[in-house]
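Participant: Kindly produce the complete structure, drawing on both the sequences and the hints.
Below are the chains, spelled out letter by letter.
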Amino acid sequence: MAGRVDNLYFFLLAISIFFSVLIAGLIVFYAIRYRRRDPDSVGTVLHGMMALEVGWTVIPFIISMVIFVWGASVFFAISRPPDETLNIYVVGKQWMWKFQHLDGQREINELHVPVGRPVKLIMTSEDVIHDVFVPAFRVKADVIPGRYTNLWFQPTKPGRYHLFCAEYCGTRHSGMTGEVIVMEPSEFQTWLSGGAPEGSLASAGAKLFQDLACNTCHRPDAQGRGPVLEGLFGKTVQLQSGETNTVDEAYVRESILNPAAKVAAGFQPIMPTFQGLVTEEQLLELVEYVKSLQALPQVQTR
Amino acid sequence: MASPTVFMPPRHYLNDGYGIKSWLLTRDHKRIALLYLASVTFFFFLGGAMAVLIRLELATPVGDLVTDETYNKLFTMHGVMMVFFFLIPAIPSVLGNFLVPIMIGAKDLAFPKLNLASWYIYVIGATFTTYSLVTGGLDTGWTFYTPFSTVASSSNVISAALGIFITGFSSILTGLNFIVTIHRMRAPGMTWFRMPLFMWSIYATSLIMVLGTPVVAITIVLVAAERLFHFGFFDPRVGGDPVLFQHLFWFYSHPAVYIMILPAMGVISELVAAFCRKQVFGYKFVAFASVAIAVLGFLVWGHHMFVAGISVYAALVFSILSFLVAVPSAVKVFNWTATMYKGSVSWQTPMLYAIGFIGLFTIGGLTGLFLAAVGLDVHVTDTYFIVAHFHYIMVGGTIMGYLGGLHYWWPKISGRLYNEFLAKISAAIIFVGFNLTFFPQFILGYLGMPRRYHAYPPEFQVLNVLSSAGASILGVGYLLPMIYLMWSLRYGRIAGSNPWGAVGLEWTTTSPPPTENFAETPIVTWEAYDYQAPVEHHVA
Amino acid sequence: MSHDAAAHHEAHHPALAHHFDSLAQQSEATTLGMWVFLVTEVLFFGGLFATYMIYRSWYPDAFAAASHELDVTLGTINTVVLITSSLTMALAVHAAQLGQRKLLMTFLILTMILGGVFLGIKSVEYYHKFAEHHVPGPDFQFEKEYIRHAQLFFSLYFVMTGLHALHMIIGIGIMLVMLWWSWNGTITEEYSSPIEISGLYWHFVDIVWIFLFPLLYLIGRHAH
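Protein chains in written order, with our numbering: chain E, 1 to 302; chain Y, 1001 to 1540; chain B, 2001 to 2224.
What the hints contain is simulated information worked out from the structure, not anything from laboratory work.
Beta carbons: idealized from backbone N, C-alpha and C, even for Gly.
Be a bit skeptical, because a hint or two may be false.
To be verified - Chain E is faced by these chain B residues, among others (derived, beta-carbon under 10 angstroms): (1) Pro2060; (2) Asp2061; (3) Gln2100; (4) Lys2102; (5) Phe2140; (6) Phe2142; (7) Lys2144; (8) Glu2145; (9) Tyr2191; (10) Pro2194.
Facilitator: Here is the structure:
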């Protein structure tokens, strides 16, 4: 992936060098060749050559379009993570990065990942806009309060790589740096099993689900006042408004904070909002919990 | 073709009334241009002083010169001062104000009192913002991103924003004045396609000023309201969207960069024509290219937000439009180059600036292609690659154009010639200093150094040191014209009405011109840049 | 207002500025100037309208509920008042063009009175909003379900109508100056362009209201 970005870069570099040298060369050459020798001399007018004008409009246009398509193609690859990714949650706040592995490992400013697997970062901010930038991987994405943004990469070489905050966020913006530590898969497993005292994100989420009494309305037996969440993640649901929506991390998060926004069809808009009652980390735990809920086998009615 | 008799007219706009009142209450567009010249120069050096401190700090990887808070305020104020108080007003309000009426054969702009008011509005706005600088500073970046600027910054956001809001009206009213003047006050025979190309670019710039500035004005109102009353337009906790701010902000601020470059391009057209003594090749294409840049410039704002969370499809639309806007600029560069072919090319200082512009703008513009390519922009956005790109355009472009124009029209403005040798040396120093300062930054950006960083990983130091060294050279280069131009006011050789042997209405009147610009309203029967016509047409 | 510069080939009209060749040129220039200014105003309000449209499309129910709390009767009266004031303004322009000084002054005064009525009714509405705790801030109260986004609606309401009211106040100020000029003879049949230009500004402020009124007051009039 990084290689593709570099290839595009070198192509652009070549074009730039070509045109810069061409123009610079011509203007210097003309300045010398046609320098004014007689103080009263004037230039020779050439009547506008339409072919030339069209030519140097169309050719740059075509070159631009080639670059556009190439850039777009690289961009699609950057923006579309593969289906199977190792997901890691990121919460940015002034002026540090909190990384949450699914099985509960928490890291501050350091991110351990295995080599050779695609990794997707699901990110949000607790305060102002930040940005995760890993120059070695050629990836970057803003981290915005109030919503999730993603970026993905697949490390190819073990090592330690800079991670920078790349959206100005106040006093210690330049101190909000970290490292991505890429390990061989076996070492990564070892590191991971170093354990997380709090347990996995999903198990923390399960506890929260009970503590916040979500289970009084969201019951697996469809007797609750809220939709059944088992097996719901990833599906497309019909909304009250008639539109459809995919149940992804953003939808789950939104439904906790602003339940009236996209009410599921057939349900009353009675879910209370939890805005201000849950932190970003707790939201991640709840999202992971909902993701973990498998569809129950169909129960035969008697 | 130099004017045969070189004299200083006994009566001209500079001695038509003495005393501070005659300047501060003037309605004469030429005097107003000089009022602007004084103010923008002041802010240029103020913004420049901050740049010096920034580059000094960045010579070492650790933050050892100033605290991080101070550094954040430095780069913010550098940006605010340079963008709003220098780059946007400089060419339009100094050269434009001086030349628009003269180049089209009018006695003044359409609304002289409004013109004076525009200057006062500029000064008041700039003073507000400078006040907020002096009483603690602003640390949001010139881009004011929310929610940092509305919720988290503890600096003087509101007073600074208010200052910029006020200054915006100066821009709007100046643009309005130019539009009406060009439409309604051209001399008999001065058709649209006989106007100098500088007029076309001022016109296109004025369109942008008038259409774009109000949007940033309302955006600033919303930011101030949010900060004061906690309204929540950009606060996600209330349902607001911080990215909406970016859309509103960049809707103006992208066209704003065309406000900065279009007038400079217009100056270059004038310089190339005058110092090759021929009509600009493809006059109509260059004229239309100016308007095309103005129009397309309004459609590309999203390219500042490729990683800000916009959809993939929106990003692609903005990407393709950004490539489109590059094409008319390329057309201009090719036409200028073609003008030099078989021209009578002089190497006098203004032409050196023009040649420098063409080279540096070409590089800056080509790096714009890197940024329009979305897949590549992801890597280089928010790094020093961007910083290098926009400095190539604004400093290598706009400032070179401004200095070139200032040198070209200095004899007309002052009646005096500056020291050509010193001027050439300064141009060379500026060119070298500029490239040494900013070229390393392209590399720094690609290697991954983010922008707005007070301290950085040590592997970036060598390139930073090169850049800082270049900045010291550039600083010297900028100080020299201040000195020799001021010196020439008293001791320079008398210029006469047409020291360059150029074609244009401004060269048919005396240097300096009379208050009413022309002894008699000119009647225009020749095409722009008509160097083939007999000399008598064009000499006062 | 005139300066002795070069000779003019037209009568030396006291209202003709020295840098214009004729009253006709001057009038065309000032009219074009006002149109360009109004375009900037469209863009200025446009940013606000765009913000409003975006949030309304995201939170239609909250916005409808909030809009329901505005007083449609007062809003309608204000709309009629403002449209009538545009009529009186147009009649003022007509009177000016015909050199009918007394009629001109009458219509200008009527226009100002109607403008004042508009502002008066607006103040009453603002007072009601204050009393009902609909002013955004720590005192804001609304149905729990919609409270966050209703606050956004009211923030937009106050900024939009507030900005509009500011323009109205400036408009009334302009009318005062026009009244003075009508009274002291500056405005004549030949030189009526200041009235025309002021009329353009007044009509523009009216049109902004014509957009504001349905967008703010008339959504969600029907029960769900």
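Participant: Hint validation: B/Tyr2191 versus chain E, beta carbon distance must be below 10 angstroms. Holds or violated?
Facilitator: At about 46 angstroms, which exceeds the 10 angstroms cut-off, the nearest Cβ of chain E leaves the hint on B/Tyr2191 violated.
Participant: Grab the minimum C-beta distance from B/Glu2145 to chain E and call the hint holds if it beats 10 angstroms, violated otherwise.
Facilitator: Given a least distance of 6 angstroms, the restraint on B/Glu2145 holds.
Participant: May I ask you to test the interface hint for B/Asp2061 with respect to chain E, counting a Cβ-Cβ separation under 10 angstroms as satisfied?
Facilitator: The hint holds - B/Asp2061 has a Cβ within 10 angstroms of chain E, the shortest such distance being about 7 angstroms.
Participant: Let's test the interface hint: is any C-beta of chain E closer than 10 angstroms to that of B/Lys2144?
Facilitator: Holds, about 8 angstroms.
Participant: A closest beta-carbon separation below 10 angstroms is what the hint needs, so does B/Pro2194 meet it against chain E?
Facilitator: 46 angstroms, violated
Participant: Under the criterion of a CB-CB separation shorter than 10 angstroms, is B/Gln2100 in contact with chain E as hinted?
Facilitator: 57 angstroms, violated
Participant: Tell me if the interface restraint on B/Phe2142 is satisfied: Cβ within less than 10 angstroms of some Cβ in chain E.
Facilitator: Hint violated; B/Phe2142 Cβ to chain E Cβ min 13 angstroms, cut 10 angstroms.
Participant: So, B/Lys2102 near chain E? Judge it on the closest CB pair being under 10 angstroms.
Facilitator: It is violated, given that the least Cβ distance between B/Lys2102 and chain E is near 60 angstroms, above 10 angstroms.
Participant: B/Phe2140 was flagged as interface toward chain E. Is the shortest Cβ-Cβ separation under 10 angstroms?
Facilitator: This hint is violated: B/Phe2140 lies away from chain E, its Cβ roughly 15 angstroms from the closest one there, beyond 10 angstroms.
Participant: With a cut-off of 10 angstroms, does the beta carbon of B/Pro2060 approach a beta carbon of chain E closely enough for the hint to hold?
Facilitator: 9 angstroms, holds
Hint violations for this structure: numbers 3, 4, 5, 6, 9, 10, all remaining hints satisfied.
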